[in-house]
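Chemist: Now for the letters of each chain:
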Amino acid sequence: MTQAAATEHHEPVENTSTGLNSRKLMMWAFLASDVMFFGAFIATYLVYRGKSLVGPYPSEILDIPITSVSTFVLLMSSLAMVLGLHYVKEGQKNKATLWILAVVVLGAIFMGFQFFEFKTFAHEGLTPRTNIFGTTFFILTGIHGAHVTIGVIWMAILAYGSHKGSLRPDSSLDLEIAGLYWHFVDIVWIVIFTVIYLISASDGPPLGVGPTIVH
Amino acid sequence: MTTKSLTFPQAFPRPKSSTGIWSWIGTVDHKRIGTMYGIVSFIWFIVGGIEAMLMRLQLSSAENDLIGPEAYNQLFTMHGTTMVFLVIMPLSAAFFNWLIPLQIGARDVAFPRLNALSFWIFLFGGLIINASWITGNAPNGGWFGYAPNSGSTFNPGMGMTYWVVGLNVLGVASIAAGLNFIVTILNMRAPGMGMFKIPIFTWMTLITSVLIVLAMPILAVAGIMLMTDRVYGTHFFNSLGGGDPVMWQHIFWLFGHPEVYILILPAMGIVSEVLPTFARKPLFGYPFVVFAGAAIAFMGWFVWSHHMFTVGLGPAANTAFSISTMLIAVPTGVKIFNWLGTLWGGNIRLNTPMLFSISFIAMFTIGGLSGVIHASPPTDAQQQDTYFVVAHFHYVLVGGALLGIFSGIYFWWPKFTGHFLNEKLGIANWALMLIGFNLQFAPMHWLGMDGMPRRIYTYAENMGWETSNLAASIGGFILALGILVFMINVVYSRMNKVMSGNDPWDGRTLEWATTSPPPVHDFDEIPQVKYRDDFWFQKHPETISEYHHDLHDDDTEKALPVVSDDADGHGDDHGHGGIHLPDMSYYPFILSAGVAIIGAGFLTNTYVIGAGVPVLLWGLVGWSMEPVNDPE
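Chains as they are written, first to last, in numbering that gives the first Met the number 0: chain R, 0 to 214; chain H, 0 to 631.
If we strip away everything but chain H, and leave its shape as in the complex, we get (with noise of 0.2 Å):
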């Protein structure tokens, strides 16, 4: 490197400075990254909420009028979106970001510039799709734009076209964040730190990278092909030309339930730490976990029919689906009796992080049971579009994922910050979410069976519904106080700092073993791993012959003499000695800036998409021109 001159001019200095909205924007750091995945999806999380309110407001009584019909469909649409792939899957990213380098001992991801351009893509997406707010036409073809109501013949507005760019380019954020934490985890572990000592939710976030990688592909073709037939004209999903809309409804769920699985492994991977930490006791069956949440990934592709049962696919497919949806409820299955075994004998802490991880279990076990219901076709028949499935999904995604979510907000803010979000504030906001969360959701169950219809924006007064929906409005805001409570207690316990000190909870794995916050580089001196948990047998070893005792047998892997000692994982050769992290880099942000303006040429006209590849390729060539590091 040394021996290649620069020059490529460069319009503005590379970033150095550690402080200001440039060294935000230039940043490499995953730190700063996962910071920044985590505000940008809680704001988004706080608009997708407040659609679910009015939605709420809306069904609140019978034959009311506040919210029409056409703004009601953009408002199921746009939740639905927004809470899927800019709420939920950006909230697991800032947790990978945040801690897969401190839990496997590295000082940032492999890839570090590749990481700052999958937030800076994400961001842009999300600003494409809800843009369609501003243009007054807003997606409103459901999250699954079920085509042929999503073609331009049905759908001839701009907003589908909105949904459609904006998925296509928040797709390409996620598969380059997918990507780049499968290298990460495989490449940059500690020294010692073979594949069955990593931490658990490092596991199920390699396990999701792979997932993300293989399932958003096939979403791109979908858009590619709803795309191409909203505005070239093409036959992909217009039966006059030869095309036929199921082929929608299969691209669309082969993506779509993998997702699915997208959206809760984190969680459980979150839930199955912090379940360790406060039962004091080890992950009950580690390796059954791990492969429960790979056999999940694996079936999560042979399920996808499942939301087709009612289409008509004749017997033999329907039974061939419903048997395989039946069986990924087993290892589903296997990890809740995991959690269950963990906690049995423990010494177990009530603090706000596991009441939460517990209350994870017990929704998530409602939602999973609701969940097998539909795996029968003909039980499905009766539930199909009806409000029991939107119970069951809030209770997986909600109940599970989000839960898990505030679960590992509060276990690792102190990690996060140095200091504790506030105890008594937690649990308030805990009570009133599942408090909340329950009167809202629990009547959607009969609602459903009584064959209350989803996606509709009123029904009649003498249907019987009026109550079961008012108990699930007052739920709704009774939820929504409670992520009040959570904002509350960020900024409370941010004027009244209780400082945590590096390791509050006891923890077991890594990120605990370095300070609070973290510094640039993470740690120190990187550690050396020989157990799985290693961290906690540091500090207990008197526990090691506990649970060790056969561990030259269980030792699979044969500690690694690996020093990963650079931040991108090229190893130290410049013999500088010292820790080398990776510079800031302003081209993430401009390859990004050109993507974007190239996405929103496609909801303009051409020229918009001319100027947005100069950018595209100013992005690409400084990007590949510039060193990771500048010569010193």
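Extracted from the complex, chain R is given alone in its bound form (with noise of 0.2 Å):
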């Protein structure tokens, strides 16, 4: 949360009760939070799945191997995160840089595919709007964009830092709090793939509801 306040860290071994730092701690209990927000948001896309009445349906618009690219992609940025916090904690401030550079690099290009996927759906007739499949995954894809945004200006910031210098071994502690919310975002990537892409692939129609209309 705060730059300054992690400098002030000479030691790995913290002065608290439990010896965790309070920082990294919070950013636990945080993460936990989360997962109950994400997990509310996943439930109800299970609970809804296949109970579109009007088409398009999953089966007829999600293209899987153009997100398995973008998946594979977002899966990459959080190994150039792990080898970022490595070279940081080495002292090699120019490939941490680097890796660090990576990591938001990888992130802003998932976002390019979403923002890609997004218009598409949106020119192939699918939107919010549309049936529940479109309110159920603009919004549970969108919330999780949003948390990658929020991940990439956050590493593009400690970039930022890095080449500057002011990220340095004793303060590797900053970008270990971020590679935790980033691996986490990574996390429940693969919980939403295999969710909406992987598990509803060949969602078409509910039962009684007439012939699909072709797009």
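Calculated directly from the structure, the hints in this document are not laboratory data. Treat each hint with caution, since some may be false.
Looking from chain R toward chain H, a few residues come up when the C-beta cut is under 10 Å (computed) [stated by the list, open to error]:
id, residue
1, G38
2, V53
3, I142
Just so you have them, the derived chain H footprint on chain R, three or more residues with Cβ under 8 Å [claimed, not checked]:
id, region
4, 22-33
5, 40-48
Over 10 Å on every C-beta distance to chain H, these chain R residues come out as not near it, computed from the model [what the hints assert, rightly or not]:
id, residue
6, S58
7, F71
8, K88
C-beta atoms are modelled at their ideal positions from N, C-alpha and C, and glycine is treated no differently.
Hints in hand, dock the two standalone chains.
Modeler: Printed below as a string of structure tokens:
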């Protein structure tokens, strides 16, 4: 939360009752809170799966190969995150900056894919107002996208800090805490990808609804 | 930190003065923030009380036309919303703020500026919801906001939008405060204070904070869904688009039932502090009270559908939720026996705090028992949407949470201010509240049994409900008179100060070890803790052998050789020695103003959101660039 507070830490062992850093502990608690936040949206998606009364249905519109690529990009950003933290701790400033920048770029590419996907879907006739699939799909992936955007901005600030030399081995906790958030957002995407793209890929109209409208 | 120069321009100098309005806006002191929480939520308490009194006036006779159905809907919605989110939760937060650092022997919470942020966002959130009165269209869909009645099809006015935006803003404040207190309690305990040596109120605060952090996001999800349904035309709760109104009930009560325990657990913690002090015995079965609290918090997640027995979820779901609801009565009952066991054989003094606490046990037991009755789906089918339910939850929320909070006010007032509240006025306050409360809500039990529905603005003359309703209305005004006596007491006690000294009640926990009121830095020297109720055993060492003969077996956690000396828990490695407190800051206020403007933007137009974003960013950037302490 504060850049300044972390620079006060010179020792790995924290001077707290649990021995854990307070900011790190708070990030974990926040992630628990965020689990409930995403959990409620994902549960809603699952409950409403296959309940759309009109098309386009998931089987008609989801493009799994393209989304697999963007998922791969996002997963690679977590690898870059790990390497970035490693080099910050090692004190190798340039490599650290490079890898943190890679996180920013990969995150931005993922966002680009999502923007493209939203635009394509809208073009093909799926908006949040079209049917319950559209409602749940756009809000859930949109909320996730908002998380990624915040993460990209956060990582960009840290990349700048690394470049300027204020992100040093003794303040690597700043990056570690941002990394906890980044990995979490990544893991949530794995769940969303599974639930929306893999499980619902063949979802068509519910029983009793007429033939599929072809777009 | 000293190596990094500050480049962010400050629009005005950092607050330094300890008096005046700017010192309150810039404060990060947990005691001042606690005081502000207390004052603001008491003002909302008066507002919510007036709303209740208007409803009681309307219902005092049959076919009354004082208040029409539209206004009545707004009154019961705003009464519930106000009392839950703007009164009981923040009054508990006032106690958290004041007491947690004092009880665990710390100089402040873990994140003092975040704490200030929580308060300011809470303030703005309350103002947003209540601003709807001024625009003439207050929320009218009940505090539970059931879809589709809360959707734009059936509720086209702006009222429920205010409600959703306000609650989401308040949720941010609650989550931030919850995170703060979790970290504070885990990380900032005095040396030697293991988890099973912290005061029981601190335990209940920890459990409540965990519940807040896990439950409030679900309310946020419900709010976002309702908001997008209302404003952008999505279909979450719209059956024509494939959505399902029952989904709202599931999500809302998945939040709403843990919320009930968020409201009651702090009061249970207060009572668990008051009873041992005035019985002059340790709390009976401390670990049982702790684990019962944790069990309530855990099981509270598996009972939500008992609010929905009449929805038609089917016998399997109803049975499962019926069993879990009956089970959750067990840890609650354990606590009641713990309190009775604490009183048993004690050297009891019946001061005002004790009177409130004992009434808490009695009233909460009545409310708890009528709650177990609802756990049976066939019985509940008779009671759903009748005044019986109103009677039940007022017995646990007024007779429970509110009496517990008043007990805490009388108990800790000397610590907060340095002087007592007047005892005679206190007893009058207690007696009026207790009598008025029972006269108001006990008749609602039989009104409900007789079939009087909730949320109706009037009733027919020949139903036989007049006498009970009149009694309830008279009781309501007696209860209000009790609150008035409390306010008189506060003023009277301030004008005729009877100084209390540091430890007027022969207290047990660390807050009584420091001066009344405590200095800014709370403790001149961070206390070293050896026992549970350490302060008591320091004062009465002769009782140590009586209670701690088996300490070496009982001592589950070794004393921690840790000195948490810095107010923000980061340890004091400046090498300056002495006491470090975080400097004051305007940024929490600025950041919360940004959140409030963005919230208001959802109610007006997008340009306002655009105006809020720079304020928010100013707060965020300024905050992150500003060091906790200016370089000396």
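Chemist: Please verify that the nearest CB of chain H lies beyond 10 Å from F71/R's CB.
Modeler: 29 Å, holds
Chemist: Examine each Cβ of chain H, and state whether all of them lie more than 10 Å from the Cβ of S58/R.
Modeler: At about 16 Å from chain H, S58/R clears the 10 Å cut-off, so the statement holds.
Chemist: Are at least 3 residues of the region 22-33 of chain R within less than 8 Å of chain H when you compare beta carbons?
Modeler: holds (count 7)
Chemist: Hint check: is the beta carbon of V53/R less than 10 Å from a beta carbon of chain H?
Modeler: Holds - the Cβ of V53/R comes within 10 Å of chain H, reaching about 8 Å at its closest.
Chemist: Is the nearest CB of chain H more than 10 Å from the CB of K88/R?
Modeler: 19 Å, holds
Chemist: G38/R was flagged as interface toward chain H. Is the shortest Cβ-Cβ separation under 10 Å?
Modeler: Status holds, d = 8 Å.
Chemist: Min Cβ distance, I142/R to chain H: is it shorter than 10 Å?
Modeler: 8 Å, holds
Chemist: Within the assertion that chain H covers the region 40-48 of chain R, do at least three residues meet a Cβ-to-Cβ distance smaller than 8 Å?
Modeler: holds (count 4)
Comparing the model with each earlier hint shows no violations; every hint is respected.
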